[in-house]
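Letter by letter, the chains look like this.
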Amino acid sequence: MTRYKYSASARCRTVACLRGGIAALLALVPPVLHADDWTDDVQVHGFLSQGFVKTTDNRFFGDSDDGSTEFTELGINASFRATPSVLLSGQLLSRRAGDMYDGSPVIDYALVDWTISNTPEHAYGVMIGRSKNPLGLYNDTRDVAFTRPSIFLPQQIYFDQVRNLILSADGLQFYGRLYDEQGTFSLNLGVGSSPVDENVEISFLGSDYGGDVESGDPAFVARGEYETRDGAWRLSLSAAKVNLSFDAAPADPIGSGEVDLLYWIASVQYTAERWSLTAEYMEEPIEFNGFGPLVDSRDSTVQGYYLQGSYLLRDDLEWVVRYSEGFTDKDDRGGTQQSAATGGFVPPYAFYQKDWMVGLRWDVTPSFMLRAEYQWNDGTWTLPRRENPVPSATVKDWEMFSLLASYRF
Amino acid sequence: MLYPRPTSFSKRLSGMLIALICAFPAYADPVLIAHPAVGMRDVSLNSTRLIFSMQLGQWPDGGPVPVYVLPDDSEVHRSFAKDLLSLYPRQLRRVWDRQLYSGTGQAPEAVADPVEMRQKVANTPGAIGYLPSEMIDDTVQVLSIR
Numbered sequence: 001m002t003r004y005k006y007s008a009s010a011r012c013r014t015v016a017c018l019r020g021g022i023a024a025l026l027a028l029v030p031p032v033l034h035a036d037d038w039t040d041d042v043q044v045h046g047f048l049s050q051g052f053v054k055t056t057d058n059r060f061f062g063d064s065d066d067g068s069t070e071f072t073e074l075g076i077n078a079s080f081r082a083t084p085s086v087l088l089s090g091q092l093l094s095r096r097a098g099d100m101y102d103g104s105p106v107i108d109y110a111l112v113d114w115t116i117s118n119t120p121e122h123a124y125g126v127m128i129g130r131s132k133n134p135l136g137l138y139n140d141t142r143d144v145a146f147t148r149p150s151i152f153l154p155q156q157i158y159f160d161q162v163r164n165l166i167l168s169a170d171g172l173q174f175y176g177r178l179y180d181e182q183g184t185f186s187l188n189l190g191v192g193s194s195p196v197d198e199n200v201e202i203s204f205l206g207s208d209y210g211g212d213v214e215s216g217d218p219a220f221v222a223r224g225e226y227e228t229r230d231g232a233w234r235l236s237l238s239a240a241k242v243n244l245s246f247d248a249a250p251a252d253p254i255g256s257g258e259v260d261l262l263y264w265i266a267s268v269q270y271t272a273e274r275w276s277l278t279a280e281y282m283e284e285p286i287e288f289n290g291f292g293p294l295v296d297s298r299d300s301t302v303q304g305y306y307l308q309g310s311y312l313l314r315d316d317l318e319w320v321v322r323y324s325e326g327f328t329d330k331d332d333r334g335g336t337q338q339s340a341a342t343g344g345f346v347p348p349y350a351f352y353q354k355d356w357m358v359g360l361r362w363d364v365t366p367s368f369m370l371r372a373e374y375q376w377n378d379g380t381w382t383l384p385r386r387e388n389p390v391p392s393a394t395v396k397d398w399e400m401f402s403l404l405a406s407y408r409f
Numbered sequence: 001m002l003y004p005r006p007t008s009f010s011k012r013l014s015g016m017l018i019a020l021i022c023a024f025p026a027y028a029d030p031v032l033i034a035h036p037a038v039g040m041r042d043v044s045l046n047s048t049r050l051i052f053s054m055q056l057g058q059w060p061d062g063g064p065v066p067v068y069v070l071p072d073d074s075e076v077h078r079s080f081a082k083d084l085l086s087l088y089p090r091q092l093r094r095v096w097d098r099q100l101y102s103g104t105g106q107a108p109e110a111v112a113d114p115v116e117m118r119q120k121v122a123n124t125p126g127a128i129g130y131l132p133s134e135m136i137d138d139t140v141q142v143l144s145i146r
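Residue numbers (the working numbering), protein chains in the order written: chain A, 1 to 409; chain B, 1 to 146.
Simulated from the structure, these hints should not be mistaken for laboratory data.
The model shown is predicted, which means the values in this text are computed figures rather than measured ones.
Wrong hints could be hidden among the right ones.
Derived coverage of chain A by chain B (criterion: at least 3 residues anywhere in the stretch with Cβ under 8 Å from a Cβ of chain B; other residues may be distant) [to be verified]: (1) 68-80; (2) 87-94; (3) 127-133.
With beta-carbon atoms standing in for the labels, derived distance ranges [claimed, not checked]: (4) A:Asp63 x B:Leu45: 52 to 58 Å; (5) B:Ala37 x A:Tyr281: 49 to 55 Å; (6) B:Asp42 x A:Asp299: 56 to 62 Å; (7) B:Gln119 x A:Leu317: 32 to 38 Å; (8) B:Ile145 x A:Ser117: 21 to 27 Å; (9) B:Asp137 x A:Arg274: 32 to 38 Å; (10) A:Asp66 x B:Arg78: 40 to 46 Å; (11) A:Tyr323 x B:Gln119: 35 to 41 Å; (12) A:Glu283 x B:Arg78: 38 to 44 Å; (13) A:Tyr226 x B:Ile145: 20 to 26 Å; (14) B:Ala37 x A:Lys241: 48 to 54 Å; (15) B:Pro71 x A:Leu294: 58 to 64 Å; (16) A:Tyr281 x B:Gly63: 42 to 48 Å.
In silico negatives: residues of chain A with every beta carbon more than 12 Å from chain B [to be verified]: (17) Gln173; (18) Gly210; (19) Ser245.
The beta carbon of each residue, even a glycine, is placed where N, CA and C say it ideally should be.
With the hints as extra help, turn the sequences into a complete structure.
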């Protein structure tokens with residue numbers, strides 16, 4: 001069963017593992033703490049979102065050309081403030097996204113956060129376990145619709161098809177914050193292993209081969225962020241360095257090799273009372289080694305960026321407009337050389353995507369939200385390869401309408 | 001269809017809001033309050049923002065700081081966030097959500113109205129919150145922001 005092919009990481013994302021993990025974490029907490037009123041220090045929260053996607057052509061999150069409802073996000077989390085400086089937390093996530101994710105519950109995070117020092121001037125500490133990677137403005141809560149600027153994050157930066165690779169890591173994450181009169185400077189540094197799945201293999205190697213892709217050397221993640229005291233400006237620079245190793249099966253047409261990538265994002269956001277402007281820029285240099293000349297020559301630098309504006313029409317009604325561009329190789333933005341390298345099998349427009357998006361968010365109550373969006377696309381790069389296996393069968397200019405209802409508690 | 005019309009529900013909600021506003025006419029500006037045993041008379045603006053951002057969970061003596069807030073759309077909450085903290089309510093919400101849904105923090109305890117706020121802060125050691133000044137009584141202590 002291919003489902004358990006990546007057993008080391010896949011199995012550890014199951015409920016049984018979470019149960020074991022939480023039991024282990026709880027065992028670390030001295031039982032005398034808050035023995036009388038410990039329930040006051042436990043919080044349970046969650047969210048449920050259901051989407052609808054209709055595209056003029058191509059498939060995005062299911063059979064969207066006929067209208068798809070194969071986009072469901074369900075999360076539930078619990079946290080326990082064991083002492084003022086120790087927090088235990090975990091979240092289960094079920095995500096159904098077309099052909100890519102079937103909704104099987106996974107452990108989104110499960111960690112012990114130990115704040116070693118916390119004063120009005122500074123704070124620092126360490127998180128142990130599976131923690132979300134603090135990348136860009138949105139990665140760490142990207143599956144919570146209330147925290148996103150739109151139904152779908154700009155795919156040119158927050159790719160859905162390889163989301164798990166950069167979503168979280170199992171290991172350690174150190175953090176520090178410095179507060180002064182003007183604002184907060186924060187730094188996060190993480191080291192760990194990143195989970196790998198079939199979507200990663202298909203995206204990077206072009207096909208789901210007989211061999212296995214596994215997380216190779218430890219992954220590193222870092223973010224430096226500055227936020228002004230009034231919350232108006234946020235500036236951040238973040239990066240993840242990931243190594244994947246592929247162990248080829250005898251029948252595979254490519255050899256065993258390694259993929260090295262560095263994914264970095266520069267982000268800036270300005271928030272006023274009724275409007276905000278956001279821009280993010282991402283580059284991802286990818287190197288292939290050892291697979292044989294056909295794959296090894298595919299080294300390139302992925303590039304993506306967007307500019308987004310939002311405006312509050314009323315306190316409960318927000319407009320958002322965004323323009324995004326992304327390219328699989330910033331030195332071949334038109335895709336012609338890459339297309340030629342495939343002998344024309346993959347058309348040039350599959351190597352880039354430029355789109356306009358407009359959307360409306362209605363906060364019906366503080367915990368229930370409705371969204372509607374329309375997107376005009378030129379190019380098909382961010383269409384999941386798994387849902388559109390024949391690149392030449394995709395349509396270059398396509399439009400997408402989407403709806404989302406989301407509830408949280 | 002991109003402009004959803006207000007439903008009867010939202011009409012009912014705004015009706016309730018109007019009723020609420022009429023019930024508490026002309027709220028005075030909110031003031032910062034704490035449990036009476038908290039041994040401080042004032043707190044810095046910086047610390048107050050950190051406490052309500054759920055990033056400073058301890059008093060200087062090491063004791064925990066339970067934080068109570070009114071709903072995001074309440075006038076008292078808006079006024080507290082904007083006038084006392086110089087933050088918009090949705091910035092506070094963004095900070096809470098980011099911590100809450102990434103496992104790096106907890107959300108403040110939400111109370112339904114100022115009466116419940118006063119009762120919770122009065123009965124929870126170390127607690128902090130805010131109230132319209134005319135609702136202050138001797139069950140809670142007022143903290144000034146310096």
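Do three or more residues of the segment 127-133 of chain A come closer than 8 Å to chain B, measuring C-beta to C-beta? With 3 residues close enough to chain B, the hint holds.
So the hint says 38 to 44 Å: do the beta-carbon atoms of A:Glu283 and B:Arg78 match that? For B:Arg78 against A:Glu283, whose Cβ atoms are near 40 Å apart, the range 38 to 44 Å holds.
Taking 21 to 27 Å as the stated bounds, is the beta-carbon spacing between B:Ile145 and A:Ser117 within them? At roughly 24 Å between Cβ atoms, A:Ser117 and B:Ile145 fall inside 21 to 27 Å, so the hint holds.
Are at least 3 residues of the segment 87-94 of chain A within less than 8 Å of chain B when you compare beta carbons? holds (count 4)
Outcome for the supplied range 48 to 54 Å, where the beta carbon pair is B:Ala37 and A:Lys241: Roughly 50 Å apart at Cβ, these two residues keep to the hinted range, so it holds.
Does the Cβ pair B:Asp42, A:Asp299 satisfy 56 to 62 Å? holds (60 Å)
40 to 46 Å was suggested as the range; check whether the CB atoms of A:Asp66 and B:Arg78 agree with it. Since A:Asp66 and B:Arg78 have Cβ atoms about 44 Å apart, the given range 40 to 46 Å holds.
Distance restraint hint 20 to 26 Å, applied to the beta-carbon atoms of A:Tyr226 and B:Ile145: holds (24 Å)
35 to 41 Å as the expected CB spacing between B:Gln119 and A:Tyr323, which holds or is violated: violated (50 Å)
Taking the beta carbons of A:Tyr281 and B:Gly63, is their distance inside 42 to 48 Å? Taking Cβ atoms as reference, A:Tyr281 and B:Gly63 lie about 44 Å apart, which means the hint holds.
Over 12 Å to the closest beta carbon of chain B is the bar; see if A:Gly210 clears it. With a cut-off of 12 Å, A:Gly210 remains clear of chain B, as the shortest Cβ separation is near 36 Å.
Closest CB of chain B to the CB of A:Gln173 still more than 12 Å away: violated (9 Å)
Checked against the numbered hints above, the structure breaks hints 11, 17 and satisfies the rest.
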